Each structure stands twice: as C-alpha cells, then as structure tokens.
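Undergrad: In case you want the letters, here they are:
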Amino acid sequence: EADIYQTPRYLVIGTGKKITLECSQTMGHDKMYWYQQDPGMELHLIHYSYGVNSTEKGDLSSESTVSRIRTEHFPLTLESARPSHTSQYLCASCSGLSREKLFFGSGTQLSVL
Amino acid sequence: GESVGLHLPTLSVQEGDNSIINCAYSNSASDYFIWYKQESGKGPQFIIDIRSNMDKRQGQRVTVLLNKTVKHLSLQIAATQPGDSAVYFCAENIERGQAGTALIFGKGTTLSVSS
Numbered sequence: 172e173a174d175i176y177q178t179p180r181y182l183v184i185g186t187g188k189k190i191t192l193e194c195s196q197t198m199g200h201d202k203m204y205w206y207q208q209d210p211g212m213e214l215h216l217i218h219y220s221y222g223v224n225s226t227e228k229g230d231l232s233s234e235s236t237v238s239r240i241r242t243e244h245f246p247l248t249l250e251s252a253r254p255s256h257t258s259q260y261l262c263a264s265c266s267g268l269s270r271e272k273l274f275f276g277s278g279t280q281l282s283v284l
Numbered sequence: 002g003e004s005v006g007l008h009l010p011t012l013s014v015q016e017g018d019n020s021i022i023n024c025a026y027s028n029s030a031s032d033y034f035i036w037y038k039q040e041s042g043k044g045p046q047f048i049i050d051i052r053s054n055m056d057k058r059q060g061q062r063v064t065v066l067l068n069k070t071v072k073h074l075s076l077q078i079a080a081t082q083p084g085d086s087a088v089y090f091c092a093e094n095i096e097r098g099q100a101g102t103a104l105i106f107g108k109g110t111t112l113s114v115s116s
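Residue numbers (my numbering), protein chains in the order written: chain U, 172 to 284; chain Z, 2 to 116.
Next up, chain Z with everything else stripped away, as it sits in the complex (with noise of 0.2 Å):
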C-alpha cells in the first residue's frame, strides 16, 4: 500500500548544531508534501511545504529538499534550539479519485536537543 516513512525513529544534537530529518515516500505519484512538528500534547503544526515541481524550499531555520528520483525528503533545520524539540512528520498528498486527495503521514522522528 502507499505510505511515508522516516528513517530514524529519534535523533539527538546539541543546540546550535543543524539538523537534518529524513523521509522516503513510495507514491511517485504524489505532486504534494508537508512537513509537521508535534510537540507533546498538542496537534500537529504546519512547518513547511513543497511541490513536486520543485527541489528545494527554504523557510525560516529551514529548508526542504525533495528527490522525486529515489522518492526522498529531507528537512533541515539550521541552528537548532531547545524549543525545536518535537517529533516530525512528513506527509504527502495522495489523489483518492472522486473523493479528492487526503495527507498520508509517516511514522515520525523524535529530535532532542539538548543545550
């Protein structure tokens, strides 16, 4: 079946050091994709997007990267702080025909930094 998965489960950096979170997706039909940070108790937020047209997207402290030719995402985030510990999500659009596109997500990377 289609899915989005991450390949580490948890990551650790020392505050100031970049950070880098992996993604593989399997749809290569998939046109849209999504970035999530979740932090305890709360739901998802929105961090960063891009669309297939694109390699690369940069935000604020970060950037994302997508290679449509081995189906991989990355999101970077510079100069990591203490607050940007969460767990993240990438997420891709997937097209369910009549009933129009839904967000798949993948199973999340756990990123601790410590000061």
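Okay, chain U solo, but in the shape it has when bound (with noise of 0.2 Å):
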C-alpha cells in the first residue's frame, strides 16, 4: 500500500479563484510527479520534480506551477481558475532509481464552475 496522499478528494469552486491541491508521501521518495486526467482517458504528465527545489514541466502545457520545499510535499497551484482546468488531478512518486514504478494518490477531481 502506497502512503501518497492528495487533499481535497473532489473541489468545486468559481472562476478565477485561486486553489493549492496538496500531495504528500510519506515513503521518503526524490521524485514526484503532477498528472492531468480526464474521465475515460490518458493521463498527461504536467508537473514533475526530481528533488528539493527541482521542478521541471511535463509534456502537456499548464497554467499551473508547483513547488518543492519538502522532500514529503508537492503541492500544485492555480493563481486563477477557470472551467478548462476541470479536471482530475493524480499526483504520484517515486524513489530515486531511474527506472521505478510510480505510486499514485487517489487524486482530485476539480471542477470549475
């Protein structure tokens, strides 16, 4: 069982608000990664960090930036909200190996009204 955890689980709120989804993992692992997820599709990789104060962007554009202050926590922000950003949000990690199986959170579903 993976200790990755992501809060809130569901978020509704309006546009140009301004939102932090949380992820933390408590297995001490270097890298962590942010996934855009739409219902019945692929997931995108949007956000990822290999370490303390690395963070690199993915393949699939975001208005979105994140930080990584802590080993443990990855948080993904949002300055102003807008409908197009609903969506679901997975974050995952990883330990430092290069070639490792990825542990995901539950996710969070954010809908912007």
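Heads up, a few of these hints could be off.
To be verified - Each pair of labels, with its calculated beta carbon distance range:
no.: 1; chain 1: Z; residue 1: Pro10; chain 2: U; residue 2: Asp230; range: 17 to 23 Å
no.: 2; chain 1: Z; residue 1: Ala30; chain 2: U; residue 2: Gly187; range: 42 to 48 Å
no.: 3; chain 1: Z; residue 1: Lys57; chain 2: U; residue 2: Thr186; range: 49 to 55 Å
no.: 4; chain 1: U; residue 1: Leu182; chain 2: Z; residue 2: Thr11; range: 43 to 49 Å
no.: 5; chain 1: U; residue 1: Ser225; chain 2: Z; residue 2: Gln82; range: 39 to 45 Å
no.: 6; chain 1: U; residue 1: Asn224; chain 2: Z; residue 2: Ser41; range: 34 to 40 Å
no.: 7; chain 1: U; residue 1: Thr236; chain 2: Z; residue 2: Gly84; range: 35 to 41 Å
no.: 8; chain 1: Z; residue 1: Asn28; chain 2: U; residue 2: Gly185; range: 38 to 44 Å
Said to hold, decoys possible - Here are the computed lysine to any residue pairs in the SDA-like style, where the Cα-Cα straight-line distance is at most 25 Å:
no.: 9; chain 1: U; residue 1: Lys272; chain 2: Z; residue 2: Thr111
no.: 10; chain 1: Z; residue 1: Lys72; chain 2: U; residue 2: Gly229
no.: 11; chain 1: Z; residue 1: Lys43; chain 2: U; residue 2: Glu271
no.: 12; chain 1: Z; residue 1: Lys108; chain 2: U; residue 2: His256
no.: 13; chain 1: Z; residue 1: Lys38; chain 2: U; residue 2: Thr257
no.: 14; chain 1: Z; residue 1: Lys108; chain 2: U; residue 2: Asp209
no.: 15; chain 1: Z; residue 1: Lys38; chain 2: U; residue 2: Met198
no.: 16; chain 1: U; residue 1: Lys272; chain 2: Z; residue 2: Ile51
Since the hints were derived computationally from the structure, they do not count as laboratory data. Remember, it's a predicted structure, so these values are computed and weren't measured experimentally. For each residue, glycine too, the CB sits at the ideal point set by N, CA and C.
With the hints as a guide, dock the two chains, each given alone in a separate frame, to form the complex.
TA: Dropping the structure here:
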C-alpha cells in the first residue's frame, strides 16, 4: 500500500479563484509527479520534480505551478481557475532509481464553474 | 511525438475467460514498461512491469509480453474475475535528458467482466 495522499478529494470552485492541490508522501521518495486525466482518457504529465528545489514542466502545457520545498510535499497551484481546468489531478512518487514504478494518490477531482 | 497507445478502448469478457489487452508504443529507445489498473474514482495501481531485456514476465494471474521488433506490449489476465473490471493503461519510461525519466501513458482499455 502506497503512502501518498492528496487533498482535497473533490473541489468545486468558481472561476478566478486561486487554489492549491496538496500532495504528500511518507516514503521518502525523491521523485514526484503531477498528471492530469480527463474521464476515461490517458494521464498527461504536467509537472515533475527530482528532489527539493527541483521542478520541471511535463508534456502537457499547464497554467498551474508547483513547488518542492520539502521532500515529502509537492503542492500544485492554480492562480486563477477556469472551467478549462476542470479535470482529475493525480500525484505520484517513486524512489531515486531511474526506472521505478510510480505510486499514485487517489486524485483530486476539480470542477471549476 | 512520443506516444503509447492501446488498440481497443473496450474489452468485454465472461468471468473465467482469459483477457488480453494490447498496447503499441512508438519510442524504440524505451527500456522499461509498466501496466497499471485504475478502478473508478481511484488512482492507477501497479500491476506488473517489464524491462526491455525481457520478452515475458509473469505475476499472479497476469503475464506481460514484450515484442520489441514491432513495439508491442500485451497484458494477459488468466481466469478473469469481476474484480478485474477497470481501465488498464500501459506506460513507457521516457528519457528526458538531464531531467531524468518520466512515465508516458497510453489511452487505456476498459475491461468489463460479466458473471
């Protein structure tokens, strides 16, 4: 059982609001990732981090930003949410080895009205 | 661009049958592949992985086959059970230079198992 947690589980907000999606893992993993997934579709990598103070953009352009101040914490922020941001956001982590399976959180389902 | 795709969006089987889910990948340099299972409302869950120096790997009721010649990956589930109903994704590990590696996912196959 992976120890990676995402909050909130569901979030409904109005357009223009600033939001932060939380992701924490207790496994001491160096690598953390954010994926975006629309219903029934594949996961798209939007951000990842290889350690503290390291962040990289993924393949899918995203208006969100991330930070990695602590190993266990990798929050994702939207400064001004829009309906086009409505989606599921999945956080994942893995150890420092280059080829490792990712452990996923349960996701945050975001709805922007 | 690089992509990992699945041949069929849905697969329906009877309980007890064997299921085969296919995946085609495009990056011949990929050397590590994973199958994930995602149940409704949950994050993806690891099923089995395989490195490119292998053709086959077996787990409990699952087998992954890798054909590097045609860049094809398949997941076989023996004696499929209703609890196997989920969306299945294949993913390949892509090198990103100094940024290391990241998993790229295919589109997913929804497996429905009827009793």
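Undergrad: For each hint, tell me whether it holds in the structure or not.
TA: Taking the hints in turn, this is what the structure says about them:
Checking the proposed 17 to 23 Å range against Pro10 of chain Z and Asp230 of chain U shows it holds: the Cβ atoms sit about 21 Å from each other. For Ala30 of chain Z and Gly187 of chain U, the Cβ-Cβ distance of about 43 Å falls inside the hinted range of 42 to 48 Å, so the restraint holds. Between Lys57 of chain Z and Thr186 of chain U the beta carbons are some 51 Å apart, a value that agrees with the proposed interval 49 to 55 Å. Checking the proposed 43 to 49 Å range against Leu182 of chain U and Thr11 of chain Z shows it is violated: the Cβ atoms sit about 30 Å from each other.
Taken as a hint, the range 39 to 45 Å holds for the pair Ser225 of chain U and Gln82 of chain Z, whose Cβ atoms sit roughly 42 Å apart. Hint check: Asn224 of chain U to Ser41 of chain Z, Cβ distance near 37 Å, so the stated range 34 to 40 Å holds. Distance hint for Thr236 of chain U and Gly84 of chain Z: a CB-CB separation of about 39 Å, consistent with the stated range 35 to 41 Å. With their beta carbons about 41 Å apart, Asn28 of chain Z and Gly185 of chain U fall inside the hinted range of 38 to 44 Å.
As the CA atoms of Lys272 of chain U and Thr111 of chain Z are separated by approximately 21 Å, the hinted pair is consistent with the 25 Å bound. At most 25 Å may separate the alpha-carbon atoms for a hinted pair to count; Lys72 of chain Z and Gly229 of chain U meet this at roughly 24 Å. Our distance criterion of 25 Å between C-alpha atoms is met by Lys43 of chain Z and Glu271 of chain U, whose separation comes to about 20 Å. Using a Cα cut-off of 25 Å, the hinted pair Lys108 of chain Z and His256 of chain U holds, with the two alpha carbons roughly 20 Å apart.
Only pairs whose Cα atoms come within 25 Å are accepted, and Lys38 of chain Z paired with Thr257 of chain U is accepted, the gap being roughly 23 Å. Pair hint Lys108 of chain Z plus Asp209 of chain U holds up; C-alpha atoms about 11 Å apart against a cutoff of 25 Å. Simply put, Lys38 of chain Z and Met198 of chain U have alpha-carbon atoms about 21 Å apart, close enough for the 25 Å limit, and the pair holds. Between Lys272 of chain U and Ile51 of chain Z, the direct Cα distance comes to roughly 10 Å. Compliance with the 25 Å bound is thereby established for this hinted pair.
In summary, the structure is inconsistent with hint 4 from the numbered list given earlier, while agreeing with all the others.
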